[in-house]
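Engineer: Below, each chain spelled out in residue letters.
Protein chains: 2
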Amino acid sequence: MTLTYTNSEQLFIGIDGGGSKCKAVIYAGNKILGEGLSGRANPLHGIQQTFTSMTQAVQLAAVNAELPTEALSQTIAGVGLAGVNLNKLKQQVEAWQHPFAQMFVTTDLHTACIGAHQGGDGAVIITGTGSCGYAHVGDKNLLIGGHGFGLGDKGSGAWLGQQAAAKALLALDGLAAETELCQLLFDYFEVSDAMGIVENLAGETSSHYAKLARYVLQAANDDEVANNIVTEGASYINDMARQLLSLNPPRFSMIGGLAEPLKPWLADDVIKQLKPAINSPEMGAVYYAQQQLLN
Amino acid sequence: MTLTYTNSEQLFIGIDGGGSKCKAVIYAGNKILGEGLSGRANPLHGIQQTFTSMTQAVQLAAVNAELPTEALSQTIAGVGLAGVNLNKLKQQVEAWQHPFAQMFVTTDLHTACIGAHQGGDGAVIITGTGSCGYAHVGDKNLLIGGHGFGLGDKGSGAWLGQQAAAKALLALDGLAAETELCQLLFDYFEVSDAMGIVENLAGETSSHYAKLARYVLQAANDDEVANNIVTEGASYINDMARQLLSLNPPRFSMIGGLAEPLKPWLADDVIKQLKPAINSPEMGAVYYAQQQLLN
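Going down the list, the sequences are from chains A and B.
Residue numbers for the first sequence follow my numbering, so the first one is 1 and each next one is one higher.
Residue numbers for the second sequence follow my numbering, so the first one is 1 and each next one is one higher.
Keep in mind that a hint or two might mislead.
Stated by the list, open to error - Mimicking SDA-like on lysine to any residue, the simulated pairs with C-alpha atoms at most 20 Å apart in a straight line are:
1) B:Lys90 / A:Val191
2) B:Lys21 / B:Asp193
3) B:Lys88 / A:Gly39
4) B:Lys211 / B:Gly196
5) B:Lys90 / A:Gly196
6) B:Lys90 / B:Asn30
7) A:Lys88 / B:Thr205
8) B:Lys88 / A:Asp121
9) B:Lys88 / A:Glu204
10) B:Lys275 / B:Leu142
11) A:Lys88 / B:Glu204
12) A:Lys90 / B:Ala202
13) B:Lys88 / A:Ala202
14) A:Lys31 / A:Glu9
15) B:Lys211 / B:Glu190
16) A:Lys211 / A:Asp223
17) B:Lys275 / B:Gly257
18) B:Lys211 / B:Gln183
19) B:Lys211 / B:Glu180
20) A:Lys211 / A:Asn200
21) B:Lys90 / B:His45
22) A:Lys140 / B:Leu175
23) B:Lys211 / B:Lys275
24) A:Lys88 / B:Asn200
25) A:Lys90 / B:Met195
26) B:Lys140 / A:Met195
27) B:Lys272 / B:Gln243
28) A:Lys140 / B:Leu172
29) A:Lys275 / A:Leu293
30) B:Lys88 / A:His208
31) B:Lys211 / B:Ala166
32) A:Lys275 / A:Asp121
33) B:Lys90 / A:Gln183
34) A:Lys90 / B:Asp193
35) A:Lys88 / B:Ser192
36) A:Lys88 / B:Gly196
37) A:Lys21 / A:Gly39
38) B:Lys263 / B:Arg214
39) B:Lys90 / A:Asp193
It is worth saying that the hints were derived from the structure and are not from the lab.
These numbers were taken from a predicted model, which means no experiment stands behind them.
Let's have the full structure, built from the sequences with the hints guiding it.
Structural biologist: Below is the structure:
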């Protein structure tokens, strides 16, 4: 698909919301005028927090673009958010009294895919706080995973953290061999027993768990339990990639905070197909808004 | 340990809080005067809800005992709650402006164990919404599991439900073989795709997941995936039981909503040691309050 939006005066906003952060970009002609970054914007974990983060991100982007806040009312926004494949959440987001002239909402996967392949067909896997895969090839769409913390999201940052904690607690109960992973968690939380680990994790959000991921990945070179966790996560990402590649997408990219650190753990046939993402998810959200206007 | 509390005039309250319900009993002499039942009371999932449920349960018990609500101010309460092995939660519960003359708080495991063995030494495994094990033998205490939904609680109702949903979603993504379990979840939630399952479970509490458990147990006789889940859960409970039995407790019981349905899945050496619980966790809470007064 070639973008043919030609009105270089029109201001566009692209927003990428996620479990840990929200990014916004202001774009006109073929230039990024400003960018803004704020906190988590995952409607599954709080719709008001999502709106607050989106508002902060676009206001920061306006300041960065040296535009008055009132200019937002002239913008056309594309928004990519986790969870809006669920109808009830999509409706709640669309009912938002947004500050834009128009707003188009789709999944964060969709905008990430459009961004990575600069508006063209392709497939992406996102591994950050959560994990999921998406492909758009011709008239085919494929969505895999992205079911959220606790229901799937294997290989994601939150999953790596949660598995590490669960396996360490099993060992500390004497029901599995104790390895370095327990000490790693003690050090991280500055505690000395299982209760200390539980106290630091009980009831916490997926992004809180995801902070443990890079320590689990580091430990995986030496520690058998951490190695098993990362291998299982990578195996899921391999399965997901092969499923997406069965649609023969012209391009395939992996994005998100865990894409690079997980890469060495993936299978050769998957790594061979990887191409760098051309543009960001928030620019994908801009392309999405432009596509919707042209349709 | 023999109970020697002899003041037959003193009113005692025993409260057992849990992930799905809260039970209260009013006791004096050696008679139960009244009982009350209310909603979930797990401080890990909401401290205010816990206080509300406890208040409702004791008020209902007072009505059932034909006592005026004011009589509660004369009672001495024993309270068993999940999560109060975590210091911050125990402090929050103890800071509650409770309606009793005195209140003693301990874990739900501790009161369940005291109740099951009528004040004597022993070991218990509780498998309901969550799972955990506890033993008190001489001067030794052993606590296993009970880390909460997402961090452990294998073999529990919530874990069975969560595993079933996760495995079904994996199959519906084409990443595992699809079995009857998918249809079972479709029927249960009255939906027809993965999104419908996610929409019904995302962000829900452990007790919501636990409602799926009995369907998973039923399916486990015929369905390979359900069978693997239940076998893994039972294997964890076996490990936990053997760990507790290594302390040579004079009695060993399993209690909670899943104790009976899980029993056929346990190993023979574990089943052989099982004895029926003599009394309820809420009566255990009464014994606990009496023991604390005598100490």
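Engineer: Quickly compare the C-alpha distance for Lys211 (chain A) and Asp223 (chain A) to 20 Å and report which way the hint goes.
Structural biologist: The given pair, whose Cα atoms are some 19 Å apart, holds under the 20 Å limit.
Engineer: Sort out whether Leu142 (chain B) lies within 20 Å of Lys275 (chain B), counting only the CA atoms.
Structural biologist: holds (19 Å)
Engineer: Going straight from one Cα to the other, do Lys211 (chain B) and Glu180 (chain B) come out at no more than 20 Å?
Structural biologist: holds (18 Å)
Engineer: Taking only the CA atoms, is the gap from Lys90 (chain A) to Ala202 (chain B) under or equal to 20 Å?
Structural biologist: Holds, at about 14 Å.
Engineer: Holds or violated: Lys211 (chain B) and Glu190 (chain B), Cα atoms, limit 20 Å.
Structural biologist: holds (15 Å)
Engineer: Please work out if Lys90 (chain B) and His45 (chain B) have their alpha carbons no farther apart than 20 Å.
Structural biologist: holds (14 Å)
Engineer: If you draw a straight line from the CA of Lys211 (chain B) to the CA of Lys275 (chain B), is it 20 Å or shorter?
Structural biologist: violated (27 Å)
Engineer: Mind checking the alpha carbons of Lys88 (chain A) and Ser192 (chain B) for me, to see if they're no more than 20 Å apart?
Structural biologist: With a Cα-Cα distance of about 16 Å, the restraint between Lys88 (chain A) and Ser192 (chain B) holds, given a limit of 20 Å.
Engineer: Are Lys88 (chain B) and Asp121 (chain A) close enough, with their CA atoms no more than 20 Å apart?
Structural biologist: violated (52 Å)
Engineer: Would you check the hint for Lys90 (chain B) and Asn30 (chain B), treating anything up to 20 Å between C-alpha atoms as holding?
Structural biologist: violated (29 Å)
Engineer: Taken at face value, is the distance from the CA of Asn200 (chain A) to the CA of Lys211 (chain A) at most 20 Å?
Structural biologist: Distance ~12 Å between Lys211 (chain A) and Asn200 (chain A) Cα, so the pair holds.
Engineer: Between Lys272 (chain B) and Gln243 (chain B), is the straight-line Cα distance small enough, at 20 Å or below?
Structural biologist: holds (15 Å)
Figure legend: structure checked against the earlier numbered hints; hints not met, in rising order: 2, 3, 6, 8, 23, 29, 33.
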